[in-house]
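S.K.: Sequence:
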Amino acid sequence: WPAPSVTACIVLTFGAINGLYFARLMPPVPLALKSAGIYHHVVRTPTGYQAKYVPPPSYRFWKDWDDPFYLSPGDAVFCYTAIFAPQKIRVPVFHIWSRKTNQGWTKTDRIRFEISGGRRAGYRGYTVKRGCVPGKWRVEIQTEEGHILGKVEFRIVPSTEDRPPLKTKWFR
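All residue numbers for the sequence shown refer to this note's numbering, where the first residue is 1 and numbers rise by one.
It is worth saying that the hints were derived from the structure and are not from the lab. Possibly wrong hints are sitting among the right ones.
Unchecked claim - Pairs of lysine-lysine residues, derived as DSS-like cross-links and limited to a Cα-Cα distance of at most 27 Å, are as follows:
(1) K63 <-> K88
(2) K88 <-> K167
(3) K63 <-> K129
(4) K136 <-> K167
(5) K129 <-> K100
(6) K151 <-> K136
(7) K129 <-> K34
Kindly generate the complete structure, drawing on both the sequences and the hints.
M.R.: Printed below as a string of structure tokens:
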């Protein structure tokens with residue numbers, strides 16, 4: 001038998017993993033959010049995905065997606081995500097759209113899509129939300145069991161005539 005300290009380490013690791021799983025802090029399969037963002041438009045092309053967004057202010061240099069999102073009448077809001085999944089796995093993932101109200105976060109949509117594993121850069125996909133109103137919003141990326149892989153929080157503000165032009169970003 002291994003030394004008592006090795007046995008204790010193995011038991012503690014096993015217990016910690018099970019505890020995290022049952023506390024819904026760890027998904028059942030190793031899914032990982034590679035990237036996520038909010039855009040004015042996303043389209044799939046033969047070479048990848050093309051997203052359009054308003055570049056954020058220079059003091060938010062780390063963001064390369066719409067925050068704030070400048071909303072014009074009739075605009076739709078797109079949430080793009082890339083999720084790593086092991087090869088030969090196919091699982092549903094959900095985008096949970098919520099809006100901040102005086103009572104807290106209010107869920108407005110739960111949109112499902114399937115992911116298939118194996119891509120080094122992650123499975124890519126997006127959802128679209130129409131009929132948004134100005135305010136604070138978030139999109140949680142969740143598994144079918146409710147495990148949260150990540151979230152994107154952003155503000156929607158009314159568009160002005162001097163809104164900066166849209167910039168294009170490619171995901172290949």
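S.K.: So, for every hint listed, does it hold in this structure?
M.R.: Here's how the hints hold up against the structure:
For the suggested pair K63 and K88, the alpha carbons sit about 32 Å apart, so the restraint of at most 27 Å is broken. Annotation: proposed proximity of K88 to K167 is violated, straight-line Cα distance about 35 Å (limit 27 Å). A C-alpha spacing of about 21 Å is found between K63 and K129, which places the hinted pair at or below 27 Å, so the restraint holds. With a C-alpha separation of about 23 Å, the suggested pairing of K136 with K167 holds against the 27 Å cut-off.
For a cut-off of 27 Å, the pair hint linking K129 to K100 stands: about 15 Å separates their Cα positions. At roughly 13 Å between alpha-carbon atoms, K151 and K136 fall within 27 Å of each other, so this suggested pair holds. Using a Cα cut-off of 27 Å, the hinted pair K129 and K34 holds, with the two alpha carbons roughly 21 Å apart.
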